[in-house]
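Visitor: Oh and the sequence shown: position 595 is 609 in our numbering, straight run, nothing missing.
None of these hints come from the bench; they were simulated from the model.
It cannot be assumed that every hint is accurate.
As the list claims (entries may be wrong) - Simulated restraints, written as ranges between beta carbons of each label pair:
(1) D511 with Q349: 49 to 57 Å
(2) E291 with R270: 13 to 21 Å
(3) D910 with N730: 54 to 62 Å
(4) H391 with D327: 18 to 26 Å
(5) E872 with H641: 48 to 56 Å
(6) I939 with K836: 35 to 43 Å
(7) D242 with D399: 39 to 47 Å
(8) G954 with K836: 35 to 43 Å
(9) D327 with T390: 18 to 26 Å
(10) D327 with D414: 48 to 56 Å
Fair warning: this is a prediction, and the values are worked out from it, not measured in the lab.
Glycine included, each C-beta is placed from N, C-alpha and C at the ideal position.
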Amino acid sequence: MTSSPTPRPHRASIESLPSEIIAQILLLLPVSPALGQIALASRSFGSWILWDASFAALHLKTWMAWNRIEIGTIGKLLDTLYIDWMHSTRSPWARKILIWNMLPFTYRATVFKWILSSALPNCDIPIGDDYEDSIYYYLGCSKSLALRLVEQLCADKNFDIQSQNNRVLIWCCFFGYAEAVEVLSEKPGVRLADNGEAIQMAVLQNNADTLQILLRAQFVINPESLIDALKQSTPSCLSMVEAFLDDGRVDCSYNRNEAIVLASSQGKLDIVRRLLEDERVNPADNDCLCLIEAASGKYWEVVKLLLKHPKVDPSVDDNHTLFTACNNGEFEIVQTLLLDSRVTMISGAVNNRAFTAAIKYAIRKKDPWVALLLLTHPSVDPSGDDNIALFLACESDNMDIVSPLLSNKQVKRAISAKNNRAFVAACVTGNIEMIDAFLEIEEFDPTVGLDEAVIDALSCDKNEAIMHICRNTKIRKNFSDDSLDTVLRLFLWKKDDKMVHEILETRPQLYLSGYTFEIACRKGRKDLLKLFLQQVDNQSSVDDDLLFDLGAEFKFEIIELLMQHSCSVVSTYQIQKSFNWACEIGSWKLASLHLLHHRIHLPSNINPMVFGGMSKTVGDFLRQKVHEAAWNDDVLTVESILAHPLWDSKHDDVLDEIIYPLTRIKLETRDLILSILKHRRFTCARNVKAKSFHAYCVAIAAAVLFPSIAPNPTRNNNELLLWAVSEGLDVFVELLLEDQRFGEMSRNNYINLRLAAFSCGQIGFKALFRFHHTWSRKHHIIAVSPDEAEAFALGDLEEIDFPTGQKMLCHAIKMNWIIVVKTLISCFNVDPSHLRNHALAEACERDHCEIVRILLDEHTVDPTTRSYYAMRKSVEHGCAECVYRFLDCLVDASFDNNVFLCTAARLGHVDVVDVLIQSDMLNGIESEYRVALQNAVNGGHANCVSQLKWLLRC
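Full structure from sequences and hints, please.
Guide: This is the structure:
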């Protein structure tokens with residue numbers, strides 16, 4: 015048999031104990047959240063812990079006695095309840111809430127009862143506005159728990175619910191326990207004991223629902239409560255204020271209508287509207303402070319609402335509302351204010367302050383409408399404070415405001431002759447339109463403060479404005495040379511050549527100071543010096559110190575320019591002294607320049623270095639220098655050398671060497687050619703060889719320089735012109751054609767010139783073409799478009815013989831004259847396939863693609879002649895377009911072992927390779943393709959290699 019197990023103690027044994035003993039046992043337990051679990055362990059425990067409030071009070075007192083806590087020290091009691099569990103969570107606030115909620119309800123109700131009934135002197139936690147220091151900080155709970163607590167406290171006959179100045183009600187109002195407040199409001203004693211603190215607490219804590227209950231229950235309202243509600247910034251603010259206003263017991267005009275002032279300062283439009291509906295509210299109280307506050311806060315909808323009230327004076331505080339509205343660009347409000355006589359009757363100075371504010375806003379926001387509205391009002395003087403509005407508008411470069419201001423009579427009259435600061439500001443902005451607007455005013459004197467305006471504008475890089483000022487005739491006659499010289503000098507420092515040129519062109523008689531002239535020299539500004547030296551009033555002498563300083567800096571071009579002009583000409587003694595000194599110190603370049611431009615006495619033992627080291631005699635030196643000067647287009651130096659006393663006529667032959675190439679190129683001017691022609695006209699003119707270049711130059715010089723006494727240039731059937739055209743001397747052609755006598759040319763001479771024009775260069779060709787129209791109209795020879803110089807050869811082609819036509823076609827191809835080529839090949843006297851397609855070969859050799867296309871379109875042209883020479887050249891040039899056109903003519907793309915493909919691969923013309931590969935005319939063998947591939951590899955042409963590999967794979 016098995017023995018029966020020993021019976022274990024169970025719950026029945028505990029419950030069998032008398033309840034008094036169980037209560038004594040439970041009193042020994044600590045007060046902690048574990049009490050809830052203990053209460054659930056036994057029905058006997060639960061009856062004491064969960065349901066017996068007197069036991070809970072006894073247990074708390076016993077536990078407090080053990081911990082030496084008195085009932086009055088509420089703070090220590092609560093902290094003790096929290097301290098055992100403070101290590102269980104992270105946030106201290108979260109710990110307190112967690113532990114407090116875990117206590118049984120009877121215990122928490124007992125603690126609440128003690129706290130809420132404890133006298134204030136005996137309570138170590140105050141009830142105040144500071145949440146952290148308030149007793150309510152420790153008493154937060156759920157709304158349902160608060161309702162249970164209030165119901166239990168109300169049912170407790172031993173508890174006075176309105177004790178301690180309605181502390182229970184204040185606690186509920188603080189946390190917004192609306193249902194608990196509803197229960198308390200039904201207690202007459204609670205309502206009678208209230209002195210307005212409950213409503214004030216509900217307002218301060220933004221508990222609108224609680225406030226509604228208290229107002230319905232007719233609790234006492236303090237006048238400050240409405241003000242406190244208005245101070246709240248939460249969404250419930252409006253509902254609380256409306257609740258107060260609906261109640262009717264609140265004096266909305268309390269404290270000199272503080273409510274509407276506060277609502278206006280916060281921009282609460284709906285509240286202001288509600289307050290204005292109350293007859294007791296006076297918005298004009300306290301000098302319309304509500305309007306001032308609303309305007310200062312930029313609550314413009316509130317301002318509009320207040321302005322509609324008849325008691326509101328919009329002109330208070332020196333038109334503060336108008337000033338603020340102008341300063342913020344509120345057009346509609348400003349317009350409303352200006353219609354009120356109280357606003358416009360204010361002194362002009364006050365309204366001018368508003369106008370200045372409107373101007374500043376217009377400048378700041380680019381919105382001129384408010385300013386323009388004030389400008390047209392008679393109460394505003396826009397010229398106040400010495401035209402400050404005009405100055406600000408000019409300073410900000412706001413033409414939208416400047417224009418109407420300058421049109422105002424008051425502004426025009428106030429433009430002071432002593433202070434042109436507005437004009438100075440306009441110059442600094444660089445607004446030319448604004449500057450012109452000032453200059454159009456008859457009362458305005460621009461010369462006052464002009465120097466300041468220009469200097470300030472220059473410092474701001476407003477160059478165009480400065481030049482515009484300088485160009486104005488009204489200013490220019492009064493603009494001092496000293497000021498303009500200062501501007502010019504500053505432009506020199508800034509290296510602004512354009513401005514310097516324009517100033518000198520604007521003021522041709524400007525006297526430049528020596529300092530400005532010296533700056534230009536030391537800066538090496540040769541082009542500017544040329545302009546300076548052209549001024550009659552600037553013929554000041556240049557001292558030796560400047561010349562030697564420039565020589566030390568190797569600025570010999572500047573030195574030469576100074577020597578070429580009379581400004582550097584001083585006494586012969588000083589020039590000779592400077593030359594000797596330059597030789598002594600070894601400044602050979604400076605010495606040679608003296609020798610070149612001045613009458614120098616050369617000593618017998620002169621150092622050859624003076625001649626530049628390349629020449630041994632002065633003759634060779636001058637010959638070399640005239641050659642250099644001619645090729646540099648230096649007219650002054652050429653004229654200086656040719657007029658030099660040491661120039662020997664035996665060196666005149668160098669002029670023929672110079673003039674021939676110069677007449678074939680395009681020069682900026684013809685001064686150099688004319689200078690040389692002038693010299694040739696008077697040197698050896700009688701001892702010239704007939705039909706020589708020298709002879710023609712002498713004849714042309716006479717015809718061009720002295721047309722009134724020279725023989726007719728058209729003599730001998732225009733021999734001079736035909737010679738110049740045939741030689742391609744463009745400048746001579748142009749000079750001769752300027753003679754009006756060439757208008758009498760015969761038809762035969764004209765045809766000869768037209769045929770000879772194809773040998774002429776670009777300048778001569780255009781010159782012939784220009785005069786060609788005159789002859790055409792007179793002789794009715796041809797009619798051509800004046801916009802196309804190439805059309806010169808398009809008339810009377812039937813009179814051209816075959817050799818001339820072929821010559822013209824060849825020349826047109828060389829010059830790439832497409833229109834001429836088209837016209838010539840359409841003529842029956844011209845054969846584009848002549849001489850085994852020479853024209854096609856010439857076009858391909860020169861890579862003129864368009865002409866190649868024109869020729870290939872001709873059925874007579876055979877692209878296979880000359881062993882495909884034309885196509886070879888197109889391949890070598892890499893012109894894929896021309897190669898494609900050759901292939902389109904059904905030529906053999908694999909000619910001569912695929913020479914085209916091999917050449918293109920060797921030269922790396924990937925586009926040509928691609929055209930050949932894609933052609934149906936390519937019929938080679940693999941070995942030929944491999945040769946092309948090797949050529950591409952040797953040349954390093956990767957793209958060609960990849961294409962040829964693809965060809966081999968195919």
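Visitor: Now tell me, hint by hint, if it's right for this structure.
Guide: Each hint tested on the structure:
One distance hint, 49 to 57 Å for the beta-carbon pair D511 and Q349, holds here, with the actual separation near 54 Å. At about 19 Å, the beta-carbon gap between E291 and R270 stays in the expected band of 13 to 21 Å. In this structure, D910 and N730 meet the distance hint of 54 to 62 Å, their C-beta atoms being roughly 55 Å apart. The hinted window of 18 to 26 Å between H391 and D327 holds, with their beta carbons roughly 19 Å apart.
Against the hinted window of 48 to 56 Å, the Cβ-Cβ separation of E872 and H641 comes to about 49 Å, which satisfies the hint. Separation of I939 from K836 is about 42 Å and conforms to the stated range, judged on CB atoms against 35 to 43 Å. Between D242 and D399 the beta carbons are some 46 Å apart, a value that agrees with the proposed interval 39 to 47 Å. Separated by about 42 Å at the C-beta atoms, G954 and K836 satisfy the suggested range of 35 to 43 Å.
A hinted range of 18 to 26 Å holds for the C-beta pair D327 and T390, which are about 24 Å apart. Checked against the given bound of 48 to 56 Å, the beta carbons of D327 and D414, roughly 33 Å apart, lie outside it.
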